[in-house]
Amino acid sequence: MKSIHATTLLALLALLALLLFVPPYLPTTLVNAGIQMLIAALFATAFNVLAGQGGMLSFGHSAYFAIGTFATIHAMNAVEAIAGFPTPLLPLAGFVGGGLLGVAAGWFSTQRSGVYFAMVTLALAELLHALAPHLSGIFGGEGGVSAMRMPAWGLTFGSSIEVYYLTLFWAALGIALLYYFTRTPLGRLCEGLRENTHRLGFLGYDVHRLRLMVFTISAAFSGLAGALLAMSNEAANYVLFDMNLSAQVVLNAYIGGIGAFFGPALGAAVMTFFGYAVSDLTRTWLLYQGVIFVLVMMFMPAGLFSIGRWWRTHRDRHSPGRLGAVFAGWACGCLLAAAGLVFLVEMLAVVLAQDYQSLLVAGQPWPAVALFGLNLRPGQFLVWLAPLLLIALGVAWVLWVGRRWAALREEYAS
Amino acid sequence: MNVPIVENAAGNAAGNTAGHAAGNAAGSTAGHAARNGAAARNPAAGARTVLELAGVHKSFGETEIIRGVDLALIEGERHAIIGPNGAGKSTLFHLISGQLQPTRGTITLDGRPIQGLEPRVINRMGLARSFQITNIFPGHSVFENLRFGILRRYGLQYNFWRRVARVRRITEETEQLLEELRLLKSRDVLAGELSYSEQRSLEIGMALASDPRVVLLDEPMAGMSREETDYTVGLIRQLTARRTLMIVEHDMDVVFSLSDRVSVLVYGQIIATGTPDEIRANRQVQEAYLGTEVSV
Numbered sequence: 000m001k002s003i004h005a006t007t008l009l010a011l012l013a014l015l016a017l018l019l020f021v022p023p024y025l026p027t028t029l030v031n032a033g034i035q036m037l038i039a040a041l042f043a044t045a046f047n048v049l050a051g052q053g054g055m056l057s058f059g060h061s062a063y064f065a066i067g068t069f070a071t072i073h074a075m076n077a078v079e080a081i082a083g084f085p086t087p088l089l090p091l092a093g094f095v096g097g098g099l100l101g102v103a104a105g106w107f108s109t110q111r112s113g114v115y116f117a118m119v120t121l122a123l124a125e126l127l128h129a130l131a132p133h134l135s136g137i138f139g140g141e142g143g144v145s146a147m148r149m150p151a152w153g154l155t156f157g158s159s160i161e162v163y164y165l166t167l168f169w170a171a172l173g174i175a176l177l178y179y180f181t182r183t184p185l186g187r188l189c190e191g192l193r194e195n196t197h198r199l200g201f202l203g204y205d206v207h208r209l210r211l212m213v214f215t216i217s218a219a220f221s222g223l224a225g226a227l228l229a230m231s232n233e234a235a236n237y238v239l240f241d242m243n244l245s246a247q248v249v250l251n252a253y254i255g256g257i258g259a260f261f262g263p264a265l266g267a268a269v270m271t272f273f274g275y276a277v278s279d280l281t282r283t284w285l286l287y288q289g290v291i292f293v294l295v296m297m298f299m300p301a302g303l304f305s306i307g308r309w310w311r312t313h314r315d316r317h318s319p320g321r322l323g324a325v326f327a328g329w330a331c332g333c334l335l336a337a338a339g340l341v342f343l344v345e346m347l348a349v350v351l352a353q354d355y356q357s358l359l360v361a362g363q364p365w366p367a368v369a370l371f372g373l374n375l376r377p378g379q380f381l382v383w384l385a386p387l388l389l390i391a392l393g394v395a396w397v398l399w400v401g402r403r404w405a406a407l408r409e410e411y412a413s
Numbered sequence: 003m004n005v006p007i008v009e010n011a012a013g014n015a016a017g018n019t020a021g022h023a024a025g026n027a028a029g030s031t032a033g034h035a036a037r038n039g040a041a042a043r044n045p046a047a048g049a050r051t052v053l054e055l056a057g058v059h060k061s062f063g064e065t066e067i068i069r070g071v072d073l074a075l076i077e078g079e080r081h082a083i084i085g086p087n088g089a090g091k092s093t094l095f096h097l098i099s100g101q102l103q104p105t106r107g108t109i110t111l112d113g114r115p116i117q118g119l120e121p122r123v124i125n126r127m128g129l130a131r132s133f134q135i136t137n138i139f140p141g142h143s144v145f146e147n148l149r150f151g152i153l154r155r156y157g158l159q160y161n162f163w164r165r166v167a168r169v170r171r172i173t174e175e176t177e178q179l180l181e182e183l184r185l186l187k188s189r190d191v192l193a194g195e196l197s198y199s200e201q202r203s204l205e206i207g208m209a210l211a212s213d214p215r216v217v218l219l220d221e222p223m224a225g226m227s228r229e230e231t232d233y234t235v236g237l238i239r240q241l242t243a244r245r246t247l248m249i250v251e252h253d254m255d256v257v258f259s260l261s262d263r264v265s266v267l268v269y270g271q272i273i274a275t276g277t278p279d280e281i282r283a284n285r286q287v288q289e290a291y292l293g294t295e296v297s298v
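From first to last, the protein sequence lines stand for chains A and B. With the first letter of the first sequence counted as 1, position 22 gets the number 21 in my numbering; the numbers rise by one all the way through. So the number in my numbering is just where the residue sits in the second sequence, counting from 1, plus 2.
Keep in mind that the hints were calculated from the coordinates and are not lab data. Where hints are given, some of them may not hold.
Unchecked claim - Selected chain B positions facing chain A (Cβ under 8 Å, derived; list incomplete):
| id | residue |
| --- | --- |
| 1 | L102 |
| 2 | Q117 |
| 3 | E120 |
| 4 | P121 |
| 5 | R131 |
| 6 | H142 |
| 7 | E146 |
| 8 | G151 |
| 9 | L158 |
| 10 | Y160 |
| 11 | A167 |
Claimed, not checked - Now the in silico label distances, taken between C-beta atoms and shown as ranges:
| id | chain 1 | residue 1 | chain 2 | residue 2 | range |
| --- | --- | --- | --- | --- | --- |
| 12 | B | R189 | A | W399 | 42 to 50 Å |
| 13 | A | T283 | B | W163 | 44 to 52 Å |
| 14 | A | V290 | B | H252 | 53 to 61 Å |
In this text the structure is predicted, and so the values were computed from the model without any measurement. We put the CB at the ideal spot given by N, CA and C, even for glycine.
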């Protein structure tokens with residue numbers, strides 16, 4: 000791994016400045032969304048130590064996240080009575096909790112690799128998922144467990160913005176430490192594990208132990224992310240052990256790009272914001288998330304982070320204006336197609352819903368639907384044709400830009 | 003300098019003594035002289051056995067690939083294993099290095115049994131190997147590949163609080179090895195993007211990076227040009243100066259110039275062991291394997 004680029008460093012500093020200085024001017028809901036984005040970014044980065052760098056795809060990472068959350072809630076309750084206990088240090092409980100579970104679960108799962116590893120992680124997470132509701136002493140049963148953030152160091156932790164800064168501190172520290180990890184001997188060997196465990200054995204390395212250590216580090220930082228959720232929500236429920244969260248972190252990491260260190264964090268931040276922005280507007284947002292995932296995997300398998308890489312590979316030969324135009328062309332085409340798809344899906348969602356179906360009277364035209372500020376009649380041909388045309392136009396546009404771009408590159412090559 | 007030809011139990015006594023006598027007069031090339039010097043360095047008499055195979059068998063299902071191999075490597079010698087394709091040379095290496103377990107028989111390293119141990123344990127006991135099919139970390143730089151080989155000796159493999167680049171001795175040692183391998187200019191190139199022969203050099207380098215006392219090289223020169231082969235022979239000679247080397251090689255010029263002793267493996271059995279001259283002169287070897295390839 001080469002040393003960090005000056006431009007990357009500048010971009011990171013700018014991002015950090017943005018995260019530090021902008022939130023006080025944002026509405027509380029956005030600050031809360033920011034907290035969720037930071038937690039997801041740390042979680043995805045921790046997950047990626049295992050999946051992206053170590054080449055071990057875990058399907059059960061919610062377990063370590065959730066243990067971190069519960070450990071922190073219990074720690075909060077345990078120190079509640081101690082006046083002046085440094086509340087900001089409580090996430091360390093989640094770090095330790097995730098790490099301990101990581102050692103235990105990792106010892107089993109890292110005996111195998113590939114699909115078998117993934118299956119063991121999945122099984123262990125499901126085991127906890129099935130056990131958690133029955134262990135109500137620890138996980139609180141249906142009602143879950145809750146705790147209070149106690150004031151410390153002159154901070155009350157009563158407002159979202161204070162929680163935001165606490166989250167930012169731990170998330171940034173966690174991601175920075177994980178970046179540092181990639182430069183240490185174990186971190187380098189972690190990437191060797193992905194490439195060629197066979198040869199590592201012949202170089203004298205205990206592959207199982209290396210894997211276990213990497214697994215534990217990933218689990219501990221996942222636990223730290225879970226701890227931040229505990230600090231933010233002051234409550235936890237066994238639903239956290241659900242498969243959803245494990246799947247979400249996989250999607251986030253892959254959408255961002257597991258090949259780049261900051262890819263998963265980017266994917267997690269983008270997708271969490273997407274969820275925050277869209278989930279209130281429509282119930283079909285999970286479908287859109289799925290479509291995004293499929294499209295990214297098909298056309299941008301290295302994830303969103305590969306956009307930057309694409310730019311860097313071509314900037315020597317093409318002007319920024321041209322690259323920008325190509326990129327904008329693709330983006331416009333995608334947006335057009337997306338608009339058509341959203342229109343179509345939302346229309347279908349309304350028309351196929353039970354409450355709409357119950358309004359239908361035999362022999363009468365279908366009643367109008369209010370959507371996007373329009374009064375649409377599902378019986379009209381144009382209502383269905385327009386979105387299909389939009390999709391077709393968008394796809395054609397993307398293809399056309401792609402052809403132009405290929406021609407430009409060929410022109411340069413000859 | 004009379005290392006006796008060791009006949010294996012399969013009983014091929016006939017024609018042996020005659021072959022014996024004919025040998026020493028033939029061919030004294032430059033490489034030959036160098037080899038003789040090397041042999042003088044390791045007198046067989048009173049020398050210590052480092053690696054010993056006794057009655058080693060290996061079957062895959064019904065098929066017996068190794069059919070009773072007895073072999074002793076003397077400390078400091080360069081020992082070549084030759085034999086036709088499918089004779090079991092690579093299987094023999096797999097058995098010694100821990101990739102495979104023998105069906106029967108014992109393998110000892112410095113008198114300690116190693117058969118059936120894991121490759122990493124055998125490596126730590128001081129035996130390293132290269133692979134016939136290049137077995138590197140293609141997505142990592144050449145430097146990183148060699149550093150993987152060197153790191154463990156510093157006991158830093160479980161370290162996650164120190165920047166590896168800060169450990170100067172490791173960087174220096176890696177760069178020195180890069181230079182010896184003529185790979186310094188490709189230091190930061192991804193190993194997967196190296197030319198074939200450069201990858202072969204890296205393969206040898208990785209076997210030597212863990213600083214073993216016994217090195218097993220499996221066809222290190224396969225696919226190299228004449229010039230690259232010549233350089234690599236010199237390199238192997240230099241890098242294995244204070245080690246015991248066991249090498250599988252098809253290039254007879256290399257075999258006869260590099261090795262102190264040669265063993266001939268045919269159908270899973272060693273039919274002869276001796277100095278290059280003795281092997282060249284061995285009629286049975288000529289019949290079984292060398293044929294017209296080598297003019298005696």
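Do the hints match the structure? See the list:
1. L102: violated (13 Å)
2. Q117: violated (16 Å)
3. E120: holds (7 Å)
4. P121: Nearest chain A Cβ about 5 Å off; hint holds.
5. R131: holds (6 Å)
6. H142: Holds, because the Cβ-Cβ distance from H142(B) to chain A comes to roughly 6 Å (cut-off 8 Å).
7. E146: Holds: closest Cβ of chain A sits about 7 Å from E146(B), inside 8 Å.
8. G151: holds (5 Å)
9. L158: holds (4 Å)
10. Y160: Given a least distance of 6 Å, the restraint on Y160(B) holds.
11. A167: Holds. Min distance 7 Å.
12. R189(B) to W399(A): 42 to 50 Å: holds (44 Å)
13. T283(A) to W163(B): 44 to 52 Å: holds (47 Å)
14. V290(A) to H252(B): 53 to 61 Å: holds (56 Å)
Checked against the numbered hints above, the structure breaks hints 1, 2 and satisfies the rest.
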